Amino acid sequence: MRHIISILMENEPGALSRVVGLFAQRNYNIETLNVAPTEDPTLSRLTVTTIGDDRVIEQITKHLNKLIDVVKLVDLTEGNHIERELMLVKVKALGAARDEVKRTADIFRAQIVDVTPSLYTVQITGDAGKLDAFLQAMAPVGILEVARTGVSGIARGDKVLSL
Amino acid sequence: MALETLQGRNNVELLSGADMIARFLQDEGVEYIYGYPGGAALHIYDALFRQDKVKHILVRHEQAATHAADGYARASGKPGVVLVTSGPGATNAVTGIATAYMDSIPMVVLCGQVMSHLIGDDAFQETDIIGVTRPIVKHSFSINHPSEIPEVLKKAFYLASTGRPGPVVVDIPKDMTAPTERYEYVYPKKVKLRSYNPVSRGHTGQIKKAVELMLKAKRPVFYTGGGVVTGNASEGLTDLVQRLGFPITTTLMGIGSYPQSDRQCLGWLGMHGSYESNMAMHHADLVIAIGARFDDRVTNNTSKFCPTAKIVHVDIDPSSVSKTVRADIPIVGPAQNVVNEMISLVQGKEIAHPDALAEWWQKIDSWREERRNKLYEPSVADEPLKPQEVIEAICRQTRGEAFVTTDVGQHQMFAAQYYKFDKPNRFITSGGLGTMGFGFPAAMGIKINYPDDQVVCITGEGSYQMMMQELSTCKQYGVGVKIINLNNASLGMVRQWQDLNYKSRHAHSYMESLPDFQKLTEAYGFTALRVNTKEELEPALDRLLADKHELVFLDIYVDPREHVYPMQVPLGSMRDMLLSKTERT
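Protein chains in written order, with UniProt numbering: chain A, 1 to 163; chain B, 1 to 585.
Worth double-checking, as some hints may not be accurate.
Stated by the list, open to error - Pairs of lysine-lysine residues, derived as DSS-like cross-links and limited to a Cα-Cα distance of at most 27 angstroms, are as follows:
# : chain 1 : residue 1 : chain 2 : residue 2
1 : B       : K190      : A       : K72
2 : A       : K62       : B       : K581
3 : B       : K154      : A       : K72
4 : A       : K62       : B       : K323
5 : B       : K581      : B       : K374
As the list claims (entries may be wrong) - Here chain B is said to cover these stretches of chain A; the calculated rule only asks that three of the stretch's residues, wherever they fall, bring their Cβ under 8 angstroms from a Cβ of chain B:
# : segment
6 : 6 to 18
7 : 78 to 91
Said to hold, decoys possible - Over 12 angstroms on every C-beta distance to chain B, these chain A residues come out as not near it, computed from the model:
#  : residue
8  : V35
9  : E39
10 : I112
11 : G142
12 : I143
13 : A155
The set of hints was computed from the structure by calculation and includes no laboratory data.
All values derive from a computational prediction rather than experimental measurement.
Beta carbons: idealized from backbone N, C-alpha and C, even for Gly.
Bound conformation, chain B alone (with noise of 0.2 angstroms):
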């Protein structure tokens, strides 16, 4: 006992606290960090310089380390590792903070600081990074002794992706990773604090009390959200809709958690949402809310919402449940625990009334059938082509399997209302903070650790202009992503509200002299096709997808007059949608 404990002793290793965020990053199996340097950080970079099993990806701004690091935890379910600098470096990094925060994505960030001593003196490159962040992060440390670090990162990266996932900064002050300072290194293999305890488990009298109601409802609906998705509960809650025969809508951020080439699948729903989800909400006796927060761009008004239904609201956080919209059944737990005792509850049971779900059915087809074909008119020739059919191009050719990723505004509604997906985390969206500039980095993010799939950006020429530099960043690592920029020159969400809300008075939502971009992706180094026509469409899709490791870019030119539609008409209930130009509900 006594010689094990010297022995242990005598390997515990001493290492400054530079040393020890490279070594307990690789103890942690973090394979790839985003990040940019900077005095403060300037020797963690050095620890980083003298190892090669935690690979640095440098980007060319800030932002675009947290997008590709959010892009590959939301791909991955694991938490996303970015390391910056003090100063404008952390507070370039906020954006991406708040993005990863929204979604419940997790992250972790490493901010380095200003030394110790120098801290409240407005030092340079100094900024309180911690208080800059608080209200978008999970939580966030601040390191006060080398010593702490390991537990502390541990701790970081335990909070980040286990609960409700979220983003944590740990704020490093210089002197904290000094060379010459060293101490006993061991890698903790677990953290325990006393004020966080994750829910492991529903109450099973509530996950009853729900099986009841849905067993005997008549008219129900799944609506199910990001939390299935990140509580890897997709394969329990496709078991579980299958074996009721329920229709489900997913929100944007749950599309994917259940197959939407399926028929009991109605597509995602809410502002932009499809007009059989929006109206089978409306009209339900029963909405069963699965990981999925009520925001405002799903209910629209609440006071009008689901007015027939009762509610079962199934969350891992407590603060999500009845915050909009009360619960009748609310379920504190995570999504997979709690689909699964549902399914075990279903087992062998019969719902009460296999008739009035039947014509539940014929409803919702008779919506279906309303709607089917009429959502856009296709371009004929010599029209600009509709972004809507270019979508519909690209999920063709990669037989929906492609990782998608968008940045925000029109073409991210088309791309998530045209392209199928039928797994999760497929589609990767800034869906709750809405950040223009999220498409590019993100799906380099995802490229990187998936280098064999294909990775499309599917964005616009407003949002890609916001992190257009990161193409430097593909040419450095060989990251070939598929850039597809739905060209309208203009920005095409603020237009539409424009058109429909300031009698088309455009104020500063067009684009004048934008760039060539097919010679702004050529100065790179990389392919690209400008595309005018239906014909050249086919080609330079094959020609973007040919070569699964090439970066290459496609500039197309799409009708800058169309709209997203349906569209919820604000303070309505979820059934009140414009439907086109000139009709609505």
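Chain A with its partners taken away, still in its complex shape (with noise of 0.2 angstroms):
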């Protein structure tokens, strides 16, 4: 089962390479991952998906929280919560097309961020499924390149992940 990650740990030099680490070393899996640092400057927080029975996701969090940059995690997946990925795809965009793309990010609610006579930048947000959805809609018009953020997250309701 695919489980989301999220671990506040010290805004300092090496604690990435710990934590991806540790994921080479023991033989997990990240799918994606992203980081930056939070409203307090000494800390980071780090997100990641990965995928992995339950034992699997066990050893992942215990050993996640045995490494001493990681200061609190919570594995989002064990209750209701909000992911968002955020995706920048530039598109051909000629002829006919240029109106076919312009309607399907509307039915997508993304955005049309540049423009150039022959391709449209489109950014669009969501979750996963939302973002694979839309980059197979626009494939028969021609992908040229594609950058997404990986999956970040927030529990809904009261819990608060901090210090």
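Mind assembling these two chains? They're in different frames, but the hints should get you there.
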């Protein structure tokens, strides 16, 4: 099963490589990875999506917690949560396809953020499924480049991941 | 108040980064460090030269420095300290760091590094040692400013020695130790890390549940590991086991955590563990694991492991619990605290099924009886000595009281099987990583700190040749370790596997052109004796042990055809064992 694990860790050199290294070292999977400092500049928030059965996920969270740089973590998929990913896509936009891209972008509530005579750059946010669906819809038109941020997420309701 | 602060200020010393390191080690109570100088570490070496409290032992290879520090740490429970230079100095230490990591041994490794403005430039003797060691350390630090040194070093010692211990690497760019720049030095008595809070006690409710199972068990067995030794829980464990009257088996790392001469001790378990230990584990209805990690050399095939047992697992590291074998009652906590809680809960209580326990003991005694005197056949006249009888003779002659270090292979298993330990911290072996070359430098580290004890390194000619340059270190500091080379002129354990799995095709497992070990030892000014026969053995051992402070080397020729038994059958259960070249369970 796919899990989204959010980690608060020391915003220090080497911390990220320890987290990433742990996944490689113990043969765990990283599907997506997303990291940036928080409102507290001494802390970074890292969100990783990974796939594994309950036993593997239990080991992943235990080993992450064991890293000295990791302050706190939560498996967002254990409860209700919001997950978002941002994607920028350059697609061909020539002739009839130009209108088609615009219409499809509207359907997906995506925005066209840059244009040239021959292409559009589309910005879209949503969960991974929505982004995949948009790419599928754009495939016949011609996708030139894709940049995805990886999943970020937060728990619904009163639950807060902080110190 | 104001005056005090002022006086306090006046007392603050200004020290260079290098002097801070030397001073910190003094204040931390470090007596010996092991290392090897080089460009990036020279400021630190100069600071060490200008003081006399911390003594530096100059090894002949950085790997030996880590093993010596490791040996000391295993014997004393305190962190061993290593100092090496950048690049090759640091990479040579890697095997020793990994060895300490796998066995959870407290160690602090100080590495010189090229000047900070050169980092990343592929400078002379530059290696990203933080990156290289990342998967084999508990944690690591880089010094970014000289003023950080006292606090970072305190954190390093704190992390290395608390919770589940392990090695900590501190990378120190040369400019951080420059003699011209001085900063305030205060010894930090305490440090706090917001993300590191090792548990200080186990969950009371879980401990209660475990004790309830223990009192109701019909076929219980304790299975205890290195965590009991490092967690100083041997005394409590012995008390608990004796109160309950249960059998106990230990891991290789747990040897001595319960007296092996006691009837309740079944020896150690696993791949080459005792027949009765493995049989008892397989048939148990309750396994009480304390400070052990269910590693593959213990469990054999986990899907066939202890099919009828409920499992209580006590460990200080949550990630050890249910890692390979799911625990029915997981307890995260320090062994000492949990064992003491268990003692207070069993106090005054009776076990529910004393008859079942008596029956269980009958069964265990019958297993014991089955294999008694069948473990190996002692040599007869004109036959080469058996390695097993050599170990038994050493055990007799040292009354089971020596510190015994080993390298890795057949001799290691024979030492573990035939030397009987009644105390913890006495059997010093690389269990997790299985590092050949560990034994001799580890013995050196112990002997330097325990000069009045007998320290015996049991090795083989394969392993010994990986670190034999340390004879020179022993000569420099007069280190009187006792070296027993079980010489079978082959890599015995490799050869054994080739006999069993490769139709005796001995690919590169024999040792052609061995040196004359006697002459080699004499070249360093030490005594060496060669032993070929049974008659020569006892007098040679007498000579070996005559003077505690003298290094003596015994080159003992043993039967190369001997195999280590029992040996678990791959992918089988605990009870599936080869018992000799012709018998199996």
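How the hints compare with the structure:
Simply put, K190(B) and K72(A) have alpha-carbon atoms about 23 angstroms apart, close enough for the 27 angstroms limit, and the pair holds. For the suggested pair K62(A) and K581(B), the alpha carbons sit about 43 angstroms apart, so the restraint of at most 27 angstroms is broken. For the hint linking K154(B) to K72(A), the alpha-carbon distance of about 23 angstroms falls within 27 angstroms, and the restraint holds. For the given pair, K62(A) sits about 10 angstroms from K323(B) by alpha-carbon distance, which is consistent with the 27 angstroms threshold.
Proposed proximity of K581(B) and K374(B) is supported: the alpha carbons are some 12 angstroms apart, at most 27 angstroms. Counting residues of the segment 6 to 18 of chain A whose C-beta sits closer than 8 angstroms to any C-beta of chain B gives 6, which meets the bar of three, so the coverage hint holds. Here's how the segment 78 to 91 of chain A fares: 0 of its residues keep a CB closer than 8 angstroms to some CB of chain B, so the rule of at least three is not met and the hint is violated. For V35(A), the non-interface assignment is confirmed: its Cβ lies about 16 angstroms from the closest Cβ of chain B, beyond the 12 angstroms cut-off.
With a minimum CB-CB distance of about 17 angstroms to chain B, E39(A) clears the 12 angstroms threshold, and the non-interface call stands. Against the 12 angstroms criterion, I112(A) stays outside the reach of chain B, whose nearest CB is about 41 angstroms from its own CB. The Cβ of G142(A) lies farther than 12 angstroms from every Cβ of chain B, with a closest approach of about 41 angstroms, so its non-interface assignment holds. With a least CB separation of 36 angstroms from chain B, I143(A) remains clear of the 12 angstroms interface cut-off, as annotated.
For A155(A), the shortest C-beta to C-beta distance to chain B comes to about 20 angstroms, beyond the 12 angstroms cut-off, and the non-interface label holds.
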